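*Asks:* Protein sequences, first through last, are from chains A and B.
Heads up, this note's numbering is the position in the first sequence plus 5, with the first residue counted as 1.
Heads up, this note's numbering is the position in the second sequence plus 332, with the first residue counted as 1.
What the hints contain is simulated information worked out from the structure, not anything from laboratory work.
Just so you know, these numbers come straight off a predicted model, no measurement behind them.
A virtual CB, placed ideally from N, CA and C, is assigned to each residue, including glycine.
Be careful, since some hints might not be right.
To list a few chain A residues with every Cβ distance to chain B over 12 Å, as calculated [as the list claims (entries may be wrong)]:
no.	residue
1	A30
2	L128
3	G160
4	L162
5	A198
6	K208
7	A223
8	I237
9	Q300
10	D406
11	K436
12	Q487
13	R534
14	A538
Using 35 Å as the maximum straight-line C-alpha spacing, the simulated DSBU-like pairs for lysine-lysine come out as follows [as the list claims (entries may be wrong)]:
no.	chain 1	residue 1	chain 2	residue 2
15	A	K20	B	K527
16	A	K20	B	K481
17	A	K197	A	K242
18	B	K587	A	K242
19	A	K142	A	K305
20	A	K72	A	K213
21	A	K373	A	K72
22	B	K527	B	K481
23	A	K601	A	K280
24	A	K72	A	K115
25	B	K481	B	K501
26	A	K23	B	K708
27	A	K197	A	K126
28	A	K111	A	K72
29	A	K72	A	K197
30	A	K23	B	K481
31	A	K217	A	K494
32	A	K242	A	K208
33	B	K527	A	K23
34	B	K587	A	K60
35	A	K373	A	K511
36	A	K305	A	K129
37	B	K501	A	K20
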Amino acid sequence: MAKRLTFKDHREDIKIFKRRVIIAAIAVIGLTGMLIFRLDFLQINQHHQYRTLSKQNQVTLLPIPPKRGLIYDRNGRLLAENLPIYNLEMIPDRVQHLDETLASLKSIVKITPSEIERFRKALKQHRKFETVPLKVKLTEEEVARFYVNQHNYPGMLINTLLMRHYPQGENTVDALGYVGRINEDELKTINKANYAATHFIGKIGIEKFYEKRLHGTAGYQQVETDASGRIIRVLEKTPPIPGDNLYLTIDINLQQAAKRSLADHRGAVVAIDPKNGDVLALVSHPGYDPNLFVQGIPTKTYQALQFNLVSPLFNSAIRGHYSLGSNIKTFLALQGLNSGTITTHTRIQDPGWFKLPTANHIYHDWKKNGHGRVGIRRAIIISCDTFFYRLASKMGIRRIDSIMNQFGFGQATELDIGEELPGLVPTPEWKRASQGESWYTGDTVLSGIGQGYMLSTPLQLAVGAAGIAMRGQFYHPHLLLQHQSPDQKQHPFTPVPYNPINLPEKYWNTVIDAMQQVVGSPMGTAYRRFGHAPFSAAGKTGTAQLFRYRNLPKSKIPERLRDNTLFIVFAPVQKPKIAVGVVLENNNNAPVIARKVIDAYLVEKKDETDKPPVL
Amino acid sequence: MRPTNPPYSNPYSNSYHRQNRGLFQRLHIDPGLLISLLILAAAGLTVLYSAANEDHTLIIRQIIRLGIAFLVMLGFAQISPNHWQRWSPYIFIIGLTLLIAVGIMGVVGKGAQRWLHIGFLRFQPSEIMKLAIPMMLASYLQDRVLPPKIWHLVVCIAIILPPVLLTAKQPDLGTALMLACSGACVLLLAGMSWKLIVGLTLAVMGSIPVLWTHMHNYQQQRVLTFLSPERDPLGHGYHIIQSKIAIGSGGMFGKGWLNGTQSHLNFLPEHATDFIFAVAGEEFGLMGGIVLLIIYLQVIFRGLYISNQAQDTYGRLLAGSLSLTFFFSIFINIGMVIGVLPVVGLPLPLVSYGGTSMVTTLAGFGLIMSIQTHRKLVPK
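Pulled out of the complex, with its shape left as it was, chain A reads as follows (with noise of 0.2 Å):
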């Protein structure tokens, strides 16, 4: 190696040097104007972009939950309204000593290890920053206790929510039925804007029906929020639109009768105003008390309601399938009258049986040795059966079925709640669909006497009674009277008619008199247990038989397989001002009851029920 090569050159090292230098400034310039070239394409170009995605970050929308209309009896009496209660909750966040403040959150309010056991779970299931309730339903002095001590709990707080209370409780459950927490499958119904905030939905009943209406509109707030959502500020609000007040026709005092005068029994009574359709009462007994399914009911008080003997989650009043029993007798003779069948003049031996020219097989009158001579009008009073027996084969089943159809039996009368069945009138079409036998003149005749396979509920036989009241001009039955709009504005409903029963007069008056002797002749299969009245009234009594028995004192027979008895009446018989459906299972009283029902109604209120409703 020659030394010069080792030897340095300065002038050459800075040269080099120099020239890295420059290099290197001008990479930094040219790497700089890179940076400034990102950032004018960021900040100028796709500015407008990236500032929308920063406003949707930091503002979201908040819902606020519409206040649900209050439900009116027919004068203005409250049956369902929104009562605040007041839950204690924690925000997570903002409580340093977790274990600590549970423990010295117990002298001030009482919680249970259950309720800590379940406040531990939702802590896992919430954001830091969201209420976790811990206790709900605080007493009021527990709510006093707590605010008067609430400086030493910060990051708890206490909530109060609007919940839905039915005063009337049990009274009233057949017809307005409940609210309850949304679940999964209404989830997946529901407008879920509109949903948002609300956490309570109608169930069955009126609150489900008129779920739209009661519900009204829900509100936002768009509120600045940050990266962990807590709120900042509130920059717009949209107040929500509270739903419709609904105004009912039933009666509560009538309803409370109705439910008083069944206590002890099982059965269902319907009252309608023959005018209207107005439902002046819908009751079903035994019941329960709606204000337990509102928020959550516990599962071993829903088993002991559902595996119930009585069944009082029943709604019978219009899902109960009855016999017709002897009430079809009215109905039969109006068409028999009517269809040349027979006049009111005609007459008939009844040696206590009846039996077909073809076959062998006897029917029975409930009068061993039968009532002797008897007309239409003797028939209908006394509830002679062998002249059914007769008229109903001499009919046949066609005219039977068209003269039920045209009074709303086997098929829904339309109401107002939705849940009702629709009876049944048989045909034989549905004999052969759904028995997969042909209809036999034997059925014909048991239908006569409303034993055969014709099925009524509570609420219909209430609306054929308003039919004949009507002299059948008469409205589908419904419970809104009226709805009032946020504006005050009250929009009255208007009744539906069922389509006309246009018969002579002459046989409206011959069948309806003919009831009137019902309750009012000693003769009168009604007369003992419906009583002297201070008013007219028309009607008609109807066992239907659970259990065949020859001989047997019914003490002897077990109660549930004694007969169930059946009442319609309407009053007055001019002017008629309330038709009454009863259903008694395994007693005899169902007229003794319907006297009251209507006593109530047009004795001890009769000031009352005139007037237009209190609103």
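Let chain A serve as the given structure and place chain B on it in line with the hints.
*Replies:* The following block gives chain B in isolation, referenced to the frame of chain A:
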């Protein structure tokens, strides 16, 4: 290893002038550099005040750190480059030893171990290396002929690699990258041939697959996220998306000081540390960003100017590489915040909240001032 004679000086004329030196020269302060750095620090504090949600204690802590760092800088400037050059190997060896010590502690302690606790002091040995590597290389090349021969380059790479690998292993990819960068800057300025540069670059590119398999899971995630941030908007892509929203929504003039919603409402993560440039971009817009870049460029060009004025190879290479490394740390940080480079976790020098790197950065400028203010004046 004696210092060579300054260039342009006549080795036969013995006239070193000590008179006519200004006050700054005597205090060993370069006023141009100092003023630029002070402006930068003030701008940084302004942005940080907003980024830290007007948290006074945090700002005061940052001011104290800045004060200490400036004192360190002035202290370093007092020592002549000759001394620095002589101490360079020792500083490098001490730094490397500490780095190994930390690595061993990391193995024992299981997990990332970057910090060394000495009494109340706490620092990262890798930060020392930011200065020690260029010092060591400049010192090694001081007496060598430029451009360095292949053999010298091999020695240089042997000096650079151990600290880089140890730091990457910690794992601190960002700092490792800066260490490699500081070494590479020395070699570039020393006139390493372009052929070699291209060759080495290709070699590094080729080693990426090997590197990939050795990367920690979170590091791999960061690279993947960089390639497509929208792939994972709530996970790893969140940082980049939010910082792009912050900058993009700033527009030309920004939303105004203290009015950045992205940072004040916590949408932007790490907005006081690594992502602080996004806050500046959001609140001061494109104009603010350009002004900040201009301040940085002023510092860098003053550094490059000083390196050009330096009187020996050591001074030239050290001042030049420190200035360039400073630039690259800015470029990489801003590049990752605006989504053109992967998120490697580097602070924005002198603006981000945090201590150790600030001290080493200003210590580096102390060295540059030392090089500038200890020059021997030469008669015309």
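*Asks:* If a hint holds in the structure, say so; if it does not, say that too.
*Replies:* Consistency of the hints with the structure:
no., hint, in the structure
1, A30, "6 Å, violated"
2, L128, "22 Å, holds"
3, G160, "20 Å, holds"
4, L162, "23 Å, holds"
5, A198, "24 Å, holds"
6, K208, "37 Å, holds"
7, A223, "26 Å, holds"
8, I237, "7 Å, violated"
9, Q300, "36 Å, holds"
10, D406, "67 Å, holds"
11, K436, "65 Å, holds"
12, Q487, "50 Å, holds"
13, R534, "75 Å, holds"
14, A538, "76 Å, holds"
15, K20/A to K527/B, "19 Å, holds"
16, K20/A to K481/B, "17 Å, holds"
17, K197/A to K242/A, "19 Å, holds"
18, K587/B to K242/A, "25 Å, holds"
19, K142/A to K305/A, "20 Å, holds"
20, K72/A to K213/A, "16 Å, holds"
21, K373/A to K72/A, "64 Å, violated"
22, K527/B to K481/B, "13 Å, holds"
23, K601/A to K280/A, "21 Å, holds"
24, K72/A to K115/A, "30 Å, holds"
25, K481/B to K501/B, "30 Å, holds"
26, K23/A to K708/B, "20 Å, holds"
27, K197/A to K126/A, "26 Å, holds"
28, K111/A to K72/A, "33 Å, holds"
29, K72/A to K197/A, "17 Å, holds"
30, K23/A to K481/B, "19 Å, holds"
31, K217/A to K494/A, "17 Å, holds"
32, K242/A to K208/A, "30 Å, holds"
33, K527/B to K23/A, "19 Å, holds"
34, K587/B to K60/A, "12 Å, holds"
35, K373/A to K511/A, "32 Å, holds"
36, K305/A to K129/A, "27 Å, holds"
37, K501/B to K20/A, "39 Å, violated"
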